[in-house]
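Add chain B to chain A, keeping to what the hints say.
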Amino acid sequence: MAPYDCPRSERARLATAGARATTVGSLNRQPGGDVLKGNVFLALLLLALAVSLLGLTAIIVQAAVNGAPAFSLGLFTDPPSSLAERAGFRPALIGTLYLIGGVILLIVPLGVGAAIYLEEYADGTRWWNRLVELNIQNLAGVPSIIYGILGLAFIVRGPLDLGFIVAAGSLTLGLLVLPTVILAAREAIRAVPPSIREGSLALGATRWQTIRRQVLPASVPGIATGVILAISRAIGETAPLLLVGATTFVTFNPSFFGDDGYSALPVLIFNYATRPQDEFRVLASAGVIVMLIVLLAMNAFAVWLRNRYEQQW
Amino acid sequence: MEARDAMGAFGTGAAGMPPRSLEAPSPRYGEKAIQGLLALCAAVSVATTTAIVVSLLVPTLSFFGEVPIFDFLFGTDWAPTFTPASFGALPVVVGTLSTTLWGMLVAVPVGLLSAIYLSEYASPRVRRVVKPVIEVLAGIPTVAIGIFALIFLSPTVERVLPFFVKVPPFSAGVAGLAIGLMIVPIIASISDDAMRAVPGGLREAAYGLGATRMKVATRVVFPAAISGIVASIVLAGSRAVGETMVVLLAAGASPNLTFDPGVSVQTMTAFIGTTATGDIATGTTTYDTIFAVGSLLFVMTLAMNMVAIRLVRRYREVYD
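Line by line, the protein sequences give chains A and B. As numbered in our numbering, residues 1 to 313 make up the first sequence, in order. As numbered in our numbering, residues 314 to 633 make up the second sequence, in order.
Just so you know, these hints were derived from the structure itself, not from any lab. Worth double-checking, as some hints may not be accurate.
To be clear about the criterion: a stretch of chain A counts as covered by chain B if any three or more of its residues have a C-beta under 8 Å from a C-beta of chain B, and this derived list gives those stretches [as the list claims (entries may be wrong)]:
#1 89-101
#2 146-153
#3 177-191
#4 263-271
Ideal Cβ positions, reconstructed from N, Cα and C, are used throughout, including at glycine.
Just chain B, with the same shape it has in the complex:
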């Protein structure tokens, strides 16, 4: 209707009437309101990040008012809930690195080899079935994986490799194995995507020069996809560092400053998980410790995620 009016106005414009504009007759406030509303939805994510940073930072600053930052980062005695309390976080940091390390030792070879198979060897049909099945592994709740580690993996590993579980049932190594299983799909899935993004011409050129299938996979496709592969590993590492339930169930709660797979360790996440659920008065230094450890965890995972995001962007840009 409005459009026809506008046309009519255009037609008669010559007959003395002022020509009407073809633009919308009303400013369309509704459209603008909707756009504003949608932008607000998107802004929620920024608000979330801000809220996370603020809720971590404020108690952390008050914590560092009590405990020198150097003592926190490099102290080797971790007993924040005891009296006298001691706040050297190195044992929980090393505990986290230990479970992550053992997890990566499982997940990197298994994930990468699975990815090479999926991308270079599997027929499209096999791939269409196997890849979603592996990804189901990523969807299993971590509490279920933790129970699996505690009830099944720990006694089994103890029988086969006694040095891996010295004080049953808790061990950093077993928790690491379970975490490794959990992050295999991340490495397999993202690396597979990265390797499949390598153009077919590279493969065909290598075959044309007489390379075998294995050579093509390992010497041509793998290096060409390296940034995506590294991104998948970094992302998996960040997931392993931030994992809570598996370590809470399978790694125990004794802060030991060691990479020995056979002993119990307390990770940063496990400390937060056990301490924040207990009855601790707000405002005490012990309560603030939760947030100081949380900040450290947040900074570590954030750094790893940023690296991964940057790397993924690079491989997408090169071959798209």
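Just chain A, same shape as in the assembly:
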């Protein structure tokens, strides 16, 4: 650096520094109120988040703490009883297993079939296809008790006249969760890029061969995730089952088409919770914990499945 530059560069440096200080000062001159407001707002946001997370924790912890005394093997092996210490959930657990088995048989073919039709075949500009789409979106929002009414008036009695049997309950629950499956399966099928289809078609495969050999295998993880979430919803549904004949005082193991009554886990939990004795409330909480463990495990599995097999095209 040349010595004669010194005074000028010193002046320049000072000037620059002064200008920078002024600029920075004026730019940072946020009114103190804004900083404070921003922080208060952030605190509010965190508080709201904490409320929802705390609510979730409270539901789980409360059920675990209240239900702990009733937790024993008898919970799974004993039938309901008027004596709390001898009462358990066995027929209800088996009833729920049957119900869910029927639901799976119903929703997997119907849900995937409808999703394939809507994604691969349907012409979205036709009014009937748009009607089907709108209809599925609406069905997803129909209250579950309305499905109970449908089950009672259409499946148990009325046109199908199945009577109060497990199959009627399965059918009701299956129709209830069907929109969930269709929407999830459609997402999964849509995620398969068109180039895969075009490649297959260009090689001479027919439309159905393309779907069966290319599109479906690629979308299985997404479809499975949707099915698992639908099943976990069906497990916990109580209101429609109340209407289609899931009763509570069933001491024997039910059968799928037997008309001598059946029970389901959430219905029995509900019944125990409404009895006046505290011991039965403990039992209800223990049942809730059993149900929550199953559901959380299924949810975790669904999330794992999605993350593990999610394909990046």
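Coordinates of chain B only, in the frame set by chain A:
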């Protein structure tokens, strides 16, 4: 094989043989059958809706043959299972609106603030963990939430805010709080999606003009995402109106014509849930009442869902 034959035919077409068509040699009935089968699967959903409407409508019409529609909608005395029976549905409608109102008072602020945090403040890592955890709340069976309300929430609230639970353990307010907790994930999740669909350019422009983070979130992103946000609220409201188990467990079964959070109310869903499980002879007016109330519930939720679907479509179209 067929393709090669077709090509061969094409090649020799000039030598006197008629050119063969390149189209498939068979009409492929199997393909058509499969397409028909799949269309049938899709038609099941339409059949479901039809079945719902028919099973609600037929008994409802016979109900209105007995009870004037005006008396049903605006009557204030609800005693359909007593003799003499009275069919004024206003108490159960107001009961439903009351639990929904108290639920929304919890869920709207909590859900929206959570959504703003997730969309505008949270790092991608935090968001990836927190959002699924909140959504677990939506997957908890409503009977579990009802038991939580009855066993834990009701005594706790009674101690802190006695006016919220005047006749323990049942109260519309406590049932509302529990419903609110249940629908928070709907509002948080859909609103978060809507706000994240707002293009980054809007945010950057606002920052460039010197707006603070809070201003960007509340004055730019929030209004830009308003249709999705409103949709999430409407959808949550529809879920709250249709909720059965929580109100059955925590709100009691006394039809009271009031918005007072401290007293027990009977909601429309709770009426259906308790009455349809009892031994009521089919074909009686009391039995038909279940369907009349069901129709009212169906129409209310359907209207709300349609509004929500329309709004969601709008925000998707604007920014995609």
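Structure-based check of each hint:
1. 89-101: Our answer is that it is violated, as 0 residues pass the Cβ test (under 8 Å) against chain B, missing three.
2. 146-153: holds (count 7)
3. 177-191: That given contact holds, which follows from 3 residues of the region 177-191 of chain A lying within Cβ reach (below 8 Å) of chain B.
4. 263-271: Coverage by chain B holds here, the residue count being 3 at a Cβ distance below 8 Å.
Checked against the numbered hints given earlier, this structure breaks only hint 1.
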